[in-house]
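Chains as they are written, first to last, in the numbering used here: chain G, 3 to 346; chain X, 8 to 323.
What the hints contain is simulated information worked out from the structure, not anything from laboratory work.
Heads up, a few of these hints could be off.
Dumping the calculated DSBU-like pairs for lysine-lysine here, alpha-carbon to alpha-carbon at most 30 Å [claimed, not checked]:
# : chain 1 : residue 1 : chain 2 : residue 2
1 : X       : K74       : X       : K268
2 : G       : K205      : X       : K268
3 : G       : K205      : X       : K47
4 : X       : K74       : X       : K87
5 : X       : K41       : X       : K23
6 : X       : K73       : X       : K87
These are the residues of each chain, in order.
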Amino acid sequence: MSHSTVPRSRAEADTPTKTPTASGGTTGRRDTGRQGRIGFWVRLRRDRTLLLMTLPAVLLVLVFNYVPILGNVVAFQDYDPYLSDNGFVAMLQSPWVGIEQFQRVFEDSQFWHAVQNTFVLFFLQLLLFFPVPIVLALLINSVIRPRVRAVAQAIMYLPHFFSWVLVVTVFQQIFGGAGVIAQTLADHGVNGFDVMTDPSTFKYLVTVQMIWKDAGWGIIVFLAALSSVSNDLYEAAAMDGAGRWRRMWHITLPALRPVIALLLVLRVGDALTVGFEQLLLQRQAVGPDASEVLDTYVWWNGIRNQDFSYAAAAGLIKGLVGLTLVLVANKVAHLMGEQGVYKK
Amino acid sequence: MSTVVDRPSLTEVAKKPSPWAAPPRPSWEEEPAKAGLAAKGIVLAFACFAILFPLWIVIVTSLSSKKTIDETGGLVVIPKDITFIAYQELLSGGQVQRAALVSIGVTLVGTLFSMTVSVLCAYGLSRTGSLGHRWILMTLLATMFFGAGLIPTYLLVQALGLMDTYLALILPSAVSVFNILVLRGFFMGISPELIDSARIDGAGDWRILWKIVMPLSRAVLAVIALFYAVGYWSAWFNASIYLTDQDKMPLQNIMIQLVQKQERPVGLTTEINTGQLSALAIQMAVMVMALLPVAVLSPFVQRHFKKGMLTGAVKG
Chain G
3 MSHSTVPRSR AEADTPTKTP TASGGTTGRR DTGRQGRIGF WVRLRRDRTL
53 LLMTLPAVLL VLVFNYVPIL GNVVAFQDYD PYLSDNGFVA MLQSPWVGIE
103 QFQRVFEDSQ FWHAVQNTFV LFFLQLLLFF PVPIVLALLI NSVIRPRVRA
153 VAQAIMYLPH FFSWVLVVTV FQQIFGGAGV IAQTLADHGV NGFDVMTDPS
203 TFKYLVTVQM IWKDAGWGII VFLAALSSVS NDLYEAAAMD GAGRWRRMWH
253 ITLPALRPVI ALLLVLRVGD ALTVGFEQLL LQRQAVGPDA SEVLDTYVWW
303 NGIRNQDFSY AAAAGLIKGL VGLTLVLVAN KVAHLMGEQG VYKK
Chain X
8 MSTVVDRPSL TEVAKKPSPW AAPPRPSWEE EPAKAGLAAK GIVLAFACFA
58 ILFPLWIVIV TSLSSKKTID ETGGLVVIPK DITFIAYQEL LSGGQVQRAA
108 LVSIGVTLVG TLFSMTVSVL CAYGLSRTGS LGHRWILMTL LATMFFGAGL
158 IPTYLLVQAL GLMDTYLALI LPSAVSVFNI LVLRGFFMGI SPELIDSARI
208 DGAGDWRILW KIVMPLSRAV LAVIALFYAV GYWSAWFNAS IYLTDQDKMP
258 LQNIMIQLVQ KQERPVGLTT EINTGQLSAL AIQMAVMVMA LLPVAVLSPF
308 VQRHFKKGML TGAVKG
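Just chain X, same shape as in the assembly:
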């Protein structure tokens, strides 16, 4: 994947246009109509607004004091004061902090486990001639066409004794065949000469994977790790059917209780009832806690998305 980069000369760097500016259009292309440009701008701006505005309200309300929220009569659009009291209360122990830790733990352990299993499998399948390669690939691919169904899966998890364990949140969803195919497609694109020369130097498959293939695949590894991590972080359904112990519930499930069903958080009920705390600010703070990690991480991986989505095309 490493290619020789054409380094621009110093004068070119100096003249490099601002990324906000429009590059010159090719000579054959007609100048765009003003009305068309304006229409495009409006549609684009509306799309971005429709996504960002709700998030803005949630964040601002979570940072507002009880007084501001009472004055506005609900959600705050224009911030008047900023206070972190809702977060302080939530993170000073109790239900929500516990749930957040559970979510972080499951996400970290789950992502590490899924990545290990998937990378190994993808590398193991990256040589089209190897023994059983086709059979294994077919076995994996077939699962993309059917699901066993909710009830049999539930009965299996129950029979395996995984009820009320964190393993039930990780194992059933640990392997995504799609992700394995993406990784495999990428591994197959790595120059065979490079791998051959390492083999001649005496490196085995483990070493080649660790020292050559993985360092060359950082971009796609980042994308797949993000996919897995987001999957674990966002999951709530498995917890809702496999867990009964309230203390084990991850953040998303607590969010259903506190925000969607408007229940009062355990331990903070008196503060809310006596008016020291705004129930709304607490709810919004829980939502921000759920969206923050995702919103912060995903833009960093963004430029690799296309690569990650498209090398998934099935080869061999």
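Chain G extracted, bound-state conformation:
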């Protein structure tokens, strides 16, 4: 916001005292009139404590989120970590190779295989995972006994707080070669059941793990949207003769529409991220053919094989395509009259 002509906030421009949501802007400091009268140094003096407070977080974000962006230059180099003990110096001394690394990436069939796996998993998650929280939320919302509702929610939220290591090991105990199902089948003479290491069904296993861990947590947003629907609407509709299903179709689902649109945009924008930790943990057990996605591909080539420049190039491709997806998804949301992640 330019500080010469514009009022500090809408709240101040309209009524300086009571504007419930936007009033944070005037909290504590109600300067009379427009801010144009206050110079930069006066504002700096006035807000120095606030600025000081934001400093640690801003520094951390700058160091760990912004500085590494510059590090992506290694994608255009043939980075050799052994040139110097100091990584920065090694980076400066490494030879430049232009877009050679990118050419190598595009020529690698395993890269395209990872791309393919990424998209298969993304669409599978969209198809099988995405609707589950909506259905569960409608279900929970229709439970009217308060205690039943609270207990069911507590149980369903729980796995969200488990680490991926725990989720994968829990699944191992059920579906693994020594798991409960394999044990029961073996008792009845069927041997060799082990879904955890079966590459052909791996994509479904991954999706089920995801549903187990996070579908319950996904309910929250939808429940909040549902609780904001006025009961009067339902009553009026019932008076007009709308039955249970018609009320759901014409009142409940429209109320969920903005939330569904937002989550869909977020998901599409993040399409290239399909469960890095989860897949990395199981990479060894099922093999890279079934489990390699873009993120694990970068990890394997960079961290494992120490081919930093090559992996950085692959990571940069993923990052740029991802950013494009976010922007496109938002554009589409705006065109459809939804809000998306950020406003126009």
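The hints should help you fit chain X onto chain G, whose structure is shown.
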């Protein structure tokens, strides 16, 4: 946030229905069909069963004796005896105890650090007119749209000399912009009159934050602290790439080795090989140690989740 609570009269308290009972439906709503109710119940029960049953097996097996486990041929579903021997062995020193202490330490220090940094930043940004407010907010928000990438981040941590230090487990993931936004949204909802009056009484920003804003935000602080704590407790990837020293590994990484890859715990190999201890019970006990803190803590904070998730909407 503090509003006047309508206190129910004594007769109302006496008549208060059990929370398990269904409250009366509004008169316009038709009675639900029996089949529909049954279907709903079955789906709900199945969902809860699918979550709890695996946990039950893990817990029961960790508490079973070697004899029971051998008789069942593996995981125990119905408990026959209860013994804490697996836990005693794990907690009497050695690899797993060490890893658990590392995890507890990193989680406590990390959560305290993250909370301090995030609360300060959220308060610093909670006044929409303050100097640089918009720029700082944009700088933070932008990070939600892109990541620098694994390789550059790894090279940075290496160049900063953080390899094989616990700082590498805390600093790179210390700030969550989402959490800052949630806190900020909540702080902005606090009545400005309250803060103004404190200011007139001579309180500075530090005092206002400590004495007014934070006490009024206990619920959201609890939720965010839980988010951070769970993040640190569950993290294993950073340890797997930044640490090489086995003695520094946190519990999750030890769990990968012992449970997922079925390696024998250091120091207990002879007990397991000679049949005094069940390797399976040990594995399950490690899993219980990883899930217990989370499972115990999260339900307490549960009723605030909704608040925590939704005040994150970006304001100003």
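Which hints, by number, does the structure contradict? Of the numbered hints, all hold.
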